Amino acid sequence: MHDLTLASARKALRERRLSAVELTDHFLASIRKFDGEINSFVTVTEDQARAGARAADALLATDNAPSLCGLPLGIKDLFCTNGVRTTASSNILRNFVPPYESTVTSNLLADGAIFLGKMNLDEFAMGSTNMTSAFGPVTNPWRRKNSDVKLVPGGSSGGSAAAVAAGLALGTTGTDTGGSIRQPAAFCGITGIKPTYGRCSRFGTIAFASSLDQAGPMARTMEDCAILLESMAGFDPKDSTSVDRPVPRYEDALERGVKGLKVGIPREYRPDTLPADIAALWDQGIAWLRDAGAEIVDVSLPHTKYGLPTYYIVALAEASSNLARYDGVRFGERVDAGTLDELYEATRHAGFGEEVRRRILMGTYVLSSGYYDAYYLRAQKVRTLIQRDFLNAFEKVDVLLTPTAPSAAFAHSERPTDPVQIYLNDIFTVPASMAGVPALSLPAGLDHDGLPLGLQLIGRYFEEETLFAAGRVMEKAAGFTHKPALHAGAFA
Amino acid sequence: MSGYIIEGATGPWEIVVGLEVHAQVISHAKLFSGASAEYGGEPNTHVSLIDAGFPGMLPVINAECVAQAVRTGLGLNAQIHLMSRFDRKNYFYADLPQGYQISQFAHPIVGEGQVEIELANGSVRHIGVTRLHLEQDAGKSMHDQDPTRSFIDLNRAGVALMEIVSEPDIRSPEEAGAYLRKLRQILRYLGTCDGNMEEGSMRADVNVSVRKAGEEYRTRCEIKNVNSIRYVMQAIEVEAARQVEIWEAGGTVDQETRLFDHVRSETRSLRSKEDAHDYRYFPDPDLLPLLIERDWVEGLRAALPELPEAKRERLEKTYGISRYESGVLTVEQGIADFYETVAKGSDPRLAVTWMLGDFFAALNRTGATIETSPVKAEGLMELLALITDSTINGKIAKEVLEDMFETGDSASVIVERKGLRQVTDTGAIEAEIRTILSAHADKLAEYKSGKDKLFGFFVGQTMKAMKGKANPAMVNELLVKLLAE
Amino acid sequence: MRQELSGILGWVEQLNEVDITDVPPMIGTGLAVPRLREDVVTDGDKRDAVLANAPDSVGPYFTVPKVVE
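Protein chains in written order, with the numbering used here: chain F, 1 to 492; chain D, 1001 to 1485; chain A, 2001 to 2069.
Wrong hints could be hidden among the right ones.
No more than 27 Å apart at the CA atoms, straight line, and that leaves these computed lysine-lysine pairs for DSSO-like [to be verified]:
hint: 1; chain 1: D; residue 1: Lys1443; chain 2: D; residue 2: Lys1376
hint: 2; chain 1: D; residue 1: Lys1273; chain 2: A; residue 2: Lys2066
hint: 3; chain 1: F; residue 1: Lys483; chain 2: F; residue 2: Lys150
hint: 4; chain 1: D; residue 1: Lys1140; chain 2: A; residue 2: Lys2066
Covered stretches of chain D, going by a simulated chain A footprint (3 or more residues, C-beta under 8 Å) [unchecked claim]:
hint: 5; segment: 1019-1030
hint: 6; segment: 1039-1048
hint: 7; segment: 1151-1157
hint: 8; segment: 1283-1294
Using C-beta positions, here's what the derived DEER-type ranges look like [as the list claims (entries may be wrong)]:
hint: 9; chain 1: A; residue 1: Leu2009; chain 2: D; residue 2: Glu1248; range: 19 to 29 Å
hint: 10; chain 1: D; residue 1: Ala1063; chain 2: F; residue 2: Ala51; range: 25 to 35 Å
hint: 11; chain 1: F; residue 1: Val335; chain 2: A; residue 2: Leu2009; range: 26 to 36 Å
hint: 12; chain 1: D; residue 1: His1028; chain 2: A; residue 2: Glu2013; range: 43 to 53 Å
hint: 13; chain 1: A; residue 1: Ala2049; chain 2: D; residue 2: Thr1252; range: 29 to 39 Å
hint: 14; chain 1: A; residue 1: Glu2004; chain 2: D; residue 2: Glu1248; range: 51 to 61 Å
hint: 15; chain 1: D; residue 1: His1028; chain 2: F; residue 2: Asn64; range: 37 to 47 Å
hint: 16; chain 1: D; residue 1: Lys1224; chain 2: F; residue 2: Thr339; range: 35 to 45 Å
Source of the hints: derived by calculation from the structure; they are not laboratory data.
No experiment lies behind these values; they were computed from the predicted model shown.
Quick reminder that beta carbons are idealized off the backbone N, C-alpha and C, glycines included.
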């Protein structure tokens, strides 16, 4: 039996060549075997997954099986899951069991998906290496050629990316605030899409930066992402920022092709420091699209360089407020103390890791009296300029093509100590987050060390279909079939 | 100027007061969640996971709370802002689950308006309203149930409040009281807040400073959370006196937040300006700007009830009652409605005299309100009709009204039961008068020799003999005739 | 951490070179339509769920160290 994708597994289940129980058991066994080394799961829900698989098999025997019936997925541990511990990879939520289900996971469950467990992430999704998790770092299943050095999977959805890459789940959910789906997808050689802000409900997803957070799928192929996004997306009256628009059948857009499509190449995404491998791969991607009939257009997004500092001000300000609720009173870990103020201080000091505390401190600072105008308000104005850059570009072109990240995966030990250097990982992903436009990353090739590199497609608001169509053309051209060093192997 | 002056050693001081009133919005559900906004309830039962600030929970604005704020703004003759916005006011407190309060800081839904107040001496002043904005209430901490812990109940957390901020236009405790009473009256008329200060559905933060005539404002202190009109007036008085004392001793008043202790009748410092929170306001990214349509606002305006001032003027014009009478009758909408029902079916003058006199006295005596009164408008109307058609006289009517309050019987039933029907039979009255005149031959002689005052004595004796039931006009008429014989 | 923070602050200073004259702050993507909820009680009456994760609760209450006012 060949290497399964979500789409091929769905077909096999429908044709009863495979049972949901067999499929689920395969992934549970793979997790047991490989995840000790990868650490992509914070919690594995074996019993629930098996029970779900049995129910799915019963449904699959009827004509009423929903779209994702019996397909095992991993859920980033930022989505609240009813009765299943949800930690945000933070000590402060180490034992938090939500009595509610996020809208995104509710949608997936309603469509028959099976949850294998909860995926590791950077604490509260703050990071791009997955090293800030209170449950230990995630190890990228990829290795450099002739090297055993452990590499980071990217972040914050590092567990979600690593698990798909290593064959521990058919697909996973991620969340993307400044690149947290796209950058780990690129580092792990998989596909991930951050849809338009407002496309997926934020209800029940633990907030990092409310005006940026957006859920999206991570999987091996464009088709798999299209299938998952259709289930995850949709209007939710419980989220005031959710947009009331019908969800298209993304799968139907996959084979549209790019003939006549105008593809913009933003010159600001080619800094002098861009590694040659990445520059070359980008050129290769441009050639694939041109060969498939797209028109290539040079464009300028002049405020690109301000994306990162703007992002950090806005995201950290919102985070400092969003994380105020973790006070040890109603839920979460608590460190007892004599006074209320001491309780807050002790609880939050013990509960939050260093990076989270650093970001809360920064966010508090930029909002403080006298600094609001200089930092937060100014950043929100610059954000308008970044948004206008995209709107202007999209008057000339239909989609933008850029690299996803300025480097391939790096080693745990190579992680820069300067926070600003770490933040630079998000340089190409942040602008689309700031504007709220959809963007995806697909694996396009390997660098000289044999590590996967991703390319990013950015589209107009709510034109995810265009991204899937262009992404599919590139996916076929790239023929990316490389496997990481750690891989559960084909389903047998 | 209301003439409220503090005579200090260095001369007269004027006081400057502004009020921030927190009025709880009348609504079924909370401002951002579907949990009940009803007062009371078992602890932590009127709580959704949104109110408790659980991870991933998001606010959605309640339309009726917005409508109530707009109605209130219209009632205060204020500007309505078609675009307003919710900000987060960040601070940590035990009863603030999210770690921030969602409030309208930079862009309130209602802008400038004003409240007209009337003082005891009949003068009228206009107190400016700076703004009105919507915000969430916090939960409740209980400090007296455990030696080492405070207990938290979140039933109030997330209930909609309107914060109504006045200009520093108030110049005396009396004006502050009049402003609060008028504001409460308007809110009650509008049905946007029940104004119940005991249950905390209306409370005030009081900003007080003092100055010499013609000066700029001096430093003010804020007295937090005063929960009755009387305490507000007392707090202003003692705080102003405290500040005058400091200034006159050569000191300076520090800007700070203070609490009013009504038992000791003093204010004391809660926190200084240096300790003041930095609330780090910023627009709540979970909510979009609140946009409302002009047509919607006009629809709300068209459906507004008649407000106290307009009602007063109309009652005066329609029923010929005095300014004072209209003021009393419009204190509550229910009283005005009661009066109008009675006035439409009776002599309006007779109606106002009876309502403001014996009827209110009976309400007070029995502890009833206009709503719970055992005597309804129709009952009072019937009583007045019995007076008008001379079935009973005024004195008997007082007795009948008392009986109505006690038994709940109608006036005519009581009149029949007790046989109180007025005697209008000339023969019977004349016979009674003759008996009295002959029994008091001495008094009759005195009268005839010029002691006119004794006329009243004979009236009294006749009425007494007839148990008050004689028609007083007929008694007079017959006495005049018979005394002249 | 203080040094790192001042490093980050120095880095974001570059925003000062952007001309933001007459530029409004971005508030959302402009695509979501403001919506209001109906004034209907649809939630609450779930004290067990509300208190289930509390690190310390007494009867129907959450607790904190005694607050002296």
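| said: Hint by hint, where does the structure go against what was stated? Just the numbers, ascending. | reply: 1, 9, 10, 13, 16
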